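Engineer: In case you want the letters, here they are:
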Amino acid sequence: MRPTRTALLSRIAAGVLGSYAAASLGAAALAFALPLPGRDAVTLAQMTGFLIFTAAIIWAFSAQSAARAWAGIGIPVIVSAALLAILLALRS
Amino acid sequence: MTGEGSLRQSMSWLHGWAGLVLGWLLFAVFLTGTIAYFRQEVTAWMQPELAGSVPSPQAAELAVAALQQRAPDAGSWRIGLPTPRSNTVSISWQDRQSLDVKRGEERGGRGGRGGGRRGGGESLILDASTGAVLTPRKTAGGNFLYRFHFELYALPREWARWIVGLATMAMFVAIISGIITHKKIFKDFFTFRPAKGQRSWLDAHNATAVLSLPFHIMITFSGLLLFASTLLPLTERFAGGEDRRGERGAARALEAAHIESLQNRAASDVAGGAALAPLVPMLAEAEKLWGQPVSRITITDPGRPGAMVELLPTWNDKLIQHSGSGGLGAVKMRFGGRTGERLESEEDLPETLTARVDTALGSLHRARFAAPTLRWLFFLTGVGGTIMVGSGLILWSVKRAQRLRGAPPGRGHRFVDHMNVAGVAGLFIAVAAYFWANRLLPTGLAGRGEWEIRAFFAVWCLCLLHPLIRPLKRAWIEQLSLGGLLFAGIPVLNAITTRAHLGNTLVSGNWIYAGFDIVALVTGICLLQAARRVALHRPRAIASQPPLMPAASAYTAQAAE
Amino acid sequence: MPISLCLSFLAFFALAFSMGRHRQQMTVRRLGAFGRFSAPAGWGLLLLSPLPFALLPNEGIALTEWFGVLTVAATGVLLMLTYRPRALPLAAAAVSVLLLILALLVVLPGRV
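Quick mapping for you: the protein sequence lines, in order, are chains G, X and P.
Counting in my numbering, the first sequence runs from 1 upward without gaps.
Counting in my numbering, the second sequence runs from 93 upward without gaps.
Counting in my numbering, the third sequence runs from 654 upward without gaps.
Among the hints, erroneous ones may be present.
Computed from the model, here is a short list of chain G residues facing chain X with C-beta under 8 Å [to be verified]:
#, residue
1, Ala27
2, Pro37
3, Met47
4, Gly49
Calculated from the structure, these hints are not laboratory results.
All values derive from a computational prediction rather than experimental measurement.
All C-beta atoms, glycine included, are put in the ideal place defined by N, C-alpha and C.
So here's chain G without its partners, still in its complex pose:
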């Protein structure tokens, strides 16, 4: 099995941009949703965000195919974006 140049570039895009989106949106949704006092929700969300980032990058490069890499990252991105949108709507 030999990855093509496009497949590799696609993985890199998933690993860098996709993972960042997952971490950023996931952490933002967490910071919103966590029922913790004061600064704690933000801090805990940030810590988790970096772990999401790392896990997503590792997934992007270890998944069997570029398509699976994207799926594994895209779904969490969509879920956390949706969650964030709902929470924002609820607040306003």
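Starting from the structure of chain G, add chains X and P where the hints point.
Structural biologist: Relative to chain G, chains X and P alone:
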């Protein structure tokens, strides 16, 4: 491609590229960050005019006398006492008007960052046994290296934080993927086979990585958290950033009211005379309670009935005591200025578990709590981390050179080779040049600190150009030798240009200065030894060795196609 | 901290001794009783090595120091294995004596 083997292959690929992409920046961050553990000591060394000051028990009294003479009507005085990290006394004061403005803001719950030395204040450095005013040369000091390791230089602050933050993220990914790749962690625990080309580089990389793995994980993850507001700004945007500012203002207003009530209590106590009570008994009381000496004294309203003395210890003694920009402040003791009676002793710890974990990680990263022995341990593990990053970069190059089996390297490979020389050996030269500039630039030069920094970057740029006109191996040998000579020459240069040289500092036990010279000498010797090894190395000796990670190489070859 | 350093140095020495390749480096031919027990002894000593820190009040900082001590001790064993492998058993013996002296220094003032 499933199963354990392929995971290891892909992680090996990821490890190599995540480490390389911002690897030279990471090396610079590790090197300057490691030096920054001794930021204060480096700054002291860069001001040799201060070396003659010897800590004495009268330091606090001398400081008060100097302040009484220069600023009897000031709104507040601050005194920094000698510590194991500084042998001088620093004094500063703030005018009543500017202080009143600040207090007004605090009462209103507004205002900038408290405690800063804004307009209307002055500061001086005194000899700790004579009280004489010392006028050190201007220098960018250890502070430049410290700032460089997370804000680089001359870039907009947010940009620089993004760049270093992404490098930190790449480092974290490299650590995790490296752990997954390296299956024989325990079997190879003690293995180092020197002078065997690629195998030695791999051993050195593994050994430095594994032996201080807890440090690497801690320093990288806590580094990420320090960049969190830059890298993950959404978390703060949606989760009430404004509330937080309001909270902080409210907390400050509460603190200001508290201090005012304490001052009123001190003022209403008629027992004290008009003058300031002697500090020495207060210092002794605090030292007895804390088990460590006082390092900082703040006297509010020194000339008035409500005078109040605030003492801070030398080190934080818990990881969960916050160590923000001042490094101290979680633990303090307050005394009535005229009565000398203790008003309160306070320890301000974060309340929740999350806040404690966060504070502890920040403390570990900054290591401001670390007394000398532990500080040295941090420094040594930092050196280990620097070697890990450097050997990783070189390993990348060496591994590919071997796969070429003598064929000329491609453009990308030559670029990496070139950058390795300038980014690893060249950085040592640049740092050494920074210290040399400190000793050689005229002491009266305007913008002296800036010139030191210019020397650093100018020399680094030259190191970047030098490999263009020299064969790779010669470039390595020449830059390592030059770096070695410059570092080893620092004690000599110091002896020629100042009186704070080893001949004096070793005799008087002035370890801040002697320590710097000795570390410079050892660094120089190591670099010269490295240059000698490169010069003696015959690459043919390794040509017959089997490739070290055949699986990983195959994967890279595939991926590259 | 010095006691913990000695303990962890001995621990890492014992662990290295339990690995065939490193024992060869030290040119110890006969396995002997210690050879058989060196692995458990190493792990045991490693477990003991943080105890001196447990006597101190600041557990967080003590833990930090322990990690630093482990790194230094393991680096020491590694460097000796590389450059002075035959002197390592001797060094371990010397460290044992040092450990005994240090331990006595800690215990005795309490008795007197």
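Engineer: Hint numbers the structure violates, sorted upward?
Structural biologist: Nothing - there is no hint that the structure violates, so all of them hold.
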